[in-house]
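Protein chains in written order, with my numbering: chain A, 1 to 617; chain B, 1 to 896.
Hints in this document: simulated from the structure, not taken from any laboratory. Honestly, I wouldn't trust all of these hints.
To be verified - Non-contacting residues of chain A with respect to chain B, defined by C-beta distances greater than 10 Å in every case (computed):
{"id": "1", "residue": "S20"}
{"id": "2", "residue": "I66"}
{"id": "3", "residue": "T138"}
{"id": "4", "residue": "D269"}
{"id": "5", "residue": "D431"}
{"id": "6", "residue": "E441"}
{"id": "7", "residue": "A442"}
{"id": "8", "residue": "D473"}
{"id": "9", "residue": "C476"}
{"id": "10", "residue": "G485"}
{"id": "11", "residue": "V515"}
{"id": "12", "residue": "M521"}
{"id": "13", "residue": "V556"}
Said to hold, decoys possible - No more than 27 Å apart at the CA atoms, straight line, and that leaves these computed lysine-lysine pairs for DSSO-like:
{"id": "14", "chain 1": "A", "residue 1": "K517", "chain 2": "B", "residue 2": "K82"}
{"id": "15", "chain 1": "B", "residue 1": "K64", "chain 2": "A", "residue 2": "K318"}
{"id": "16", "chain 1": "B", "residue 1": "K288", "chain 2": "B", "residue 2": "K693"}
{"id": "17", "chain 1": "A", "residue 1": "K332", "chain 2": "B", "residue 2": "K64"}
We treat Cβ as the ideally placed atom computed from N, Cα and C, and that holds for glycine.
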Amino acid sequence: MREKLNSIDHFEALQDRLVSEWDRDVPTIVIPAGTCGRAAGADELIHATQQEITSRKLDGRIRLRITGCHGLCEMEPCVLIEPEGTIYPKIDPTEMARIVEAVARGEVLEDLLSQDPETGARIQKQKDLPFLKKQVRTILGRNEMLDPMRIEDYVRSGGYSAMAKVLARGAPAAVVEDVKASGLRGRGGAGFPTGRKWELLAKQPSDGGKFLVCNADEGDPGAYMDRSVLEGNPHSIVEGMIIGAYGTGATEGVIYVRNEYPLAVEHADIALQQARELGLLGEHILGTDFCFDISLVRGAGAFVCGEETALIRSIEGKIGEPRQRPPFPVEKGIDNKPTAINNVETWANIPIIIAQGAQQFAEIGTANNSGTKVFSLVGKIRNTGLVEVPMGTTIREIVHDIGGGPAGNARIKAVQTGGPSGGCIPAEMFDLPIDYDSLVEAGSIMGSGGMIVMDEDTCMVDVARYFMNFLKDESCGKCFTCRKGTQRMYEILDDIAKGSGTLEQLDLLEELAHVVKDTAMCGLGQTAPNPVLSTLRYFRDEYVEHIRKRRCPAGVCKELITYSINENCVGCQACVRACPVGAVKGREKEQHSIDAEKCIKCGLCRNVCKFEAVDVT
Amino acid sequence: MHEVTLTIDGLELTADEGMTVLEAALANSIYIPHLCYHPDLTPAGVCRLCMVEIDGRGLTISCKAPVEEGMVVRTDSPEINKVRRIAAELLIVNHHADCLACASNTQCKLQEVANYIGIEEERLARLRQPTAAFPIDLSNPFFIRDPNKCILCGICVRTCEEVQRVRAIDFAFRGFLTTISTFGDKPLAESICESCGECVTRCPAGALTPRKSQRPAREVSTTCPYCGCGCGIYLGVRGEKVVSVRGDVDNPVNKGALCVKGRFGYDFINHPERLTSPLIKQNGEFVKVTWDEALDCIGSNLSKCRGDEFAAISSAKCTNEENYLIQKFTRAVMGTNNIDHCARLCHAPTVAGLAQSLGSGAMTNSINEIGSASCVFAIGTNTTVAHPIIGLQIRQAQQNDAKLIVANPRRINLCRFADVFLQHRPGTDVALLMGMMRVIVDEGLFDSSFIEGRTEGFEAFSASLSSFDLDRVEQITGVERKNIIEAARIYATCKPATILYAMGITQHSHGTDNVLAISNIALITGNIGKPSTGVNPLRGQNNVQGACDTGALPGVYPGYQKVGDPAVRRKFESAWGCSLNESPGLTHVEIFDAIYARAIKTLYLVGENPILSEANATHVEEAINRLEFFVVQDIFLSETARLADVVLPAVTFAEKDGTFTNTERRVQRVYKAIEPIGDAKPDSWITCQIAKKLDAKGFDFSHPREIMDEIASLTPSYAGISYERLEKGGLQWPCPAGEHHPGTPILHTERFATENGRAKLVPLEYKPSAELPDDQYPLILTTERSLYHFHTATMTRKVAGLNVLRDRELVEINPKDATALGIADGETVRVVSRRGEVTADAKVTDVSPPGVICMTFHFAESPTNVLTSSALDPVAKIPETKVCAVRIERLEGAVA
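Sequences and hints are given; from them, build the entire structure.
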């Protein structure tokens, strides 16, 4: 049990003590163990490290810190050595003995270091990784500094100072002014200015109480920025919300987190308990008159619950369905009380704004798009991972400089941003600076930060069909045009992908897309047609080719392709063994053949072939 | 109300502030296509068809847009039509359209939209036709749910939530598979749906349709014949058959709402088993006879036994006029005051108790005030089951953030919504209420100025609280003290607070004390004589209030004028032209005791079935068998009628004119909708004919209107009531003489109806119930009602659908007791008391607390009242049907 802090002075004394007791020079093994790291094997590394430290009697001489995700997906599981900043990627637990030994001796294990893909040169320090060079990791960078289950780590690294600062300053309105001056826009996707939202909340009558909500219902396929922040640095969210409550007069906070994020739930829960123990949350925070507490509500997995009004209903214990706005949540939200909802990343920015000052924050990024934005960079790209860049960075910089370009030989042809409701941006437009407004202009949205890279082996009709399939299932079904429109759009896309589409259907598809966009009640419906509209806008040729020539240029749509084996075949039988349905025939050292009748077009033969002997036409 | 001016389609119009654009348009006959809007419900804005263009805003949903000054709206433009047309087409193409075979044909909102849009086959053909078909839910006996016609407007969901507050259905699943579903996607009949049919009346597209979909040729406004709520209904008639019922939205009681019995329970009217000719028993068999033969037979028998050897039991199902005539006949022609009716078995303690404390034994306030109370205290009433429309008012109050206190030995449906639930032992109401009053007095939460200004006896009363310390109260009632304290504080401080009670309070050997305790708690907190307060006994039968008002009681003439008062008696003697018996007659139970003792030899019984409804029913049957002459007047050959010498066929409420007085003292018209079935006759006609056979004067009436005029002339509280006035709507008594008295929605606003105008606080002590469990009979039997049946179910069991929803008696038993006795859910068991035994199926449920079992008395196959105790309340003479000791036995041969 921690001793409760009864004043701001007590808090500062604790922070000073933690800093002064901290010896920076003690060698520290840092193991990122977010959900992704654990999936890649971080738990085994941790276990092995603990054993090595104990068996070598190095307790106290070498520290082990288990942190959240650092965003280096491609390198998981990895080990970071402080204070030097040495990074060892893709480490097998059996290597930990050597690493612990080397750390104890202050040595570097060259053979375990990562290599530059172009030159083959070894890269020792994390900061020298090409993936990180162009990033500005204001938010993500803090994950490696702290164990998310220890509030002391957060406090030592400057945490809760921003909160103490606003409490000491004692002018709630100034908090809102700071956030307004910072130019911070909501990181959930729509980019509504956060300061303005808070100003509206602050103006609402406070007699019945007001709510602040952290929306951690991150549901976009392939997006995991918020999970990493909530897992890796939950106190930054808690601190952000406390500051927000102080500025807006909110009385209750809710972190709404999807139940599919068990580690985030656990870490957030621990963070709330620890903050309460220290008197940073609850009644009379740090001995002042200011009271605010936060509870945790777990979402049940409906994508639409990321939409504000559906999220509110879900928190109220009702079926998560959106309702028509106005009234806006800031007027009537949870239990009809004024409610402001911000997403995880927005909250994580708040302590930074207060700590640095609004002006300094606004200097990063561009005029109307200040600060950094975290993206999860996935798809057909070499370096997948979490990327944090200043607003205004071009897509090209992200895809080619940070992402390292295509993963294979195929040329990159587009990125998809904004999740299922986002759109595709073609390679010709990669000089587009990433900010809320440019993306909308290009027919996509920022969304919460998903970024899926697509190359020439990606079929845009298939992409649109994939997202529409997702959206038609996730449409809450309440409002008529979304429910029926997404289904009908999916059916048309399915027809086209199967070669039975017509050009008239293409017109109908566009007509439906516009109707759903214009008439749907909530953000899900209004943006649901984006994948269709943006692919039609930039890749109409692919649609027409599917319809007119019954052909899928990317070789993806199964009904339109045939697998065959060419003369490169050496008769190695690898494909014969791989085929799950026995469609590949052929004797050893003779050219094989594929029985088109039996073939289910799964592509396994092509994957296993080492001689480029399998054609898709 | 502030008005704003706006322009819609170039037309300048005014609308009340707070209206939506859609409402303003519709009110001015400008049609905007819409499907999910319903005037009674919160707008959902889901159909997206009511798109309009508002200057400065672009496309907007009009059902969600409040009108604003100077707003310029267009309902039709190329922009709107571009989206609206395809939005409607998406819906139409997906609707299983077999319009001619659909019960909603010509009333369908989707047809209305299609007409507006103008359907083009080619455009529809572009869209995929539906392939999958949802199964149709046929589980409910009264209506069909066809999801294939459902447009998912959600009106049914909102009706169930906002109007009925049952929440049986909601949206389920997602996207294209979205459907309206019960919890767990079970058939409606297996859900918590109460079959009220409110959703059916509102469904715009034929997804919910009544099974009987014959449209009436004409409709007749009248009053529901079931419980005491007194809902206004329209009977739909085709030929000489009642084919539909709908609620009257203008009736202040129900505002259009109805329960399952009211809406669907009308099959008994044209039922083939209706009595259609008089019957005389010859050699143990009934023989059809003419009216002349029957009346001659009755005349000759009755003329032999005038005076106190005769008794009449009148009927709370009959009209005021009929009850008046029956008591007049009994008193003026037969020369006895031996007249009573089933009020004796339900609210006699109310009449006796409240007359003592307040001076008048009826609901002090009106039904539609309950919804505005800040606290509703429901004790001994299973309101949502027995008075469903009043149950809606409780839910309404809660919607307005009222606190709900429920006191009941059983965990009834209302407990779902209760802020405090006091689960006291059966028969411990006095202790519970005195405990609450002890808290109120100890904590100084009473209204001293009200006590001082309007009551008397506070000192003696508060002295009597001394024996109710909470230790003792806890021990007697089994309720934790913290709950008692919380309930007391809520009731005393959340004002206005209203008390609702019913038979859980009255049907006890100390029922009058229970009523006095209720009256005490209302008085000391000043919760009486003001809107949304009061002491509100919920009366059971449609006209039990009226039967009492019109004098079908042994001790009083119409208007509660005492038989023993010489001046009163002289008034009635001169009006009726005869001399009257000065001694009060016997009460209901006493009459059967006197019959048993052969002191009463002849009984004229109208519209009642005591073989099932009277406590200790075996004794009643034995008594009836000792009668020398027994006449029964009814609509069916009831269990009791089978024992009669002469049976006279009467008519239902649908076949006659008259008035019913509901539980809130509202006198309302009953209008004849069809001609009598067969040779059946209105009860008023029959009673007059019998009287005339006995050469009586004063029984010549050409229409019930004239009877009401006679009632008004003799009954001060009805003096201002006439059919002419009732045409315009009901009137609540007291309605003194004069053309313009508006009636009295709230009693006791200025003074109480007692002699000195002050209410009396009455000291009370706790008296245990007469028969408590012991080793031989270790369980308490208490009685209740089912939502789906009424009283002895003479009417409801003739309604096939109601028998589907509840087809047999069920003995509710707590799982603890069931386990101890080795009884499985659904197993047939024998329930045994000191007076008899019945068999019925067990229903294992924690609705009943351990040690208490519960049965209805609707089913002749399991006549529960064979078991009950006829221990009487000494003042009100009501038998204790809520508490008796029983044991449960497994049947021989039952497998453990």
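Original post:
Are the Cα atoms of A:K517 and B:K82 separated by 27 Å or less?
Top reply: holds, 12 Å
**OP:** Check the non-interface label on A:D431: least C-beta distance to chain B beyond 10 Å or not.
**Re:** holds, 33 Å
Subject >> A:T138 non-interfacial with respect to chain B [C-beta, more than 10 Å] >> reply: Given a closest Cβ separation of 37 Å, the condition holds.
Subject >> Proposed proximity, A:K318 with B:K64 (alpha carbon, max 27 Å) >> reply: Holds - the C-alpha atoms of A:K318 and B:K64 are around 21 Å apart, at most 27 Å.
**OP:** Determine whether the non-interface label on A:D473 survives the test: each CB of chain B must be over 10 Å from its CB.
**Re:** With a cut-off of 10 Å, A:D473 comes too close to chain B, as the shortest Cβ separation is near 5 Å.
Subject >> Cβ separation check - A:I66 to all of chain B, threshold 10 Å >> reply: holds, 38 Å
Original post:
Per the stated criterion, does the least C-beta distance between A:S20 and chain B lie above 10 Å, as a non-interface residue requires?
Top reply: Consistent with the label, A:S20 stays out of reach of chain B, its closest Cβ about 52 Å off (over 10 Å).
Subject >> Holds or violated: B:K288 to B:K693, with C-alpha atoms at most 27 Å apart >> reply: holds, 20 Å
Subject >> Check on A:V515 being off the interface with chain B, judged by Cβ distance over 10 Å >> reply: Answer for A:V515: violated, closest chain B Cβ roughly 5 Å.
Original post:
Once the closest CB in chain B is found, is it more than 10 Å from A:E441?
Top reply: holds, 19 Å
**OP:** For the pair we were handed, A:K332 and B:K64, check the Cα-Cα distance against 27 Å.
**Re:** holds, 15 Å
Subject >> Minimum Cβ distance from A:G485 to chain B greater than 10 Å, as the annotation requires >> reply: violated, 6 Å
In summary, the numbered hints that this structure violates are 8, 9, 10, 11 and 12.
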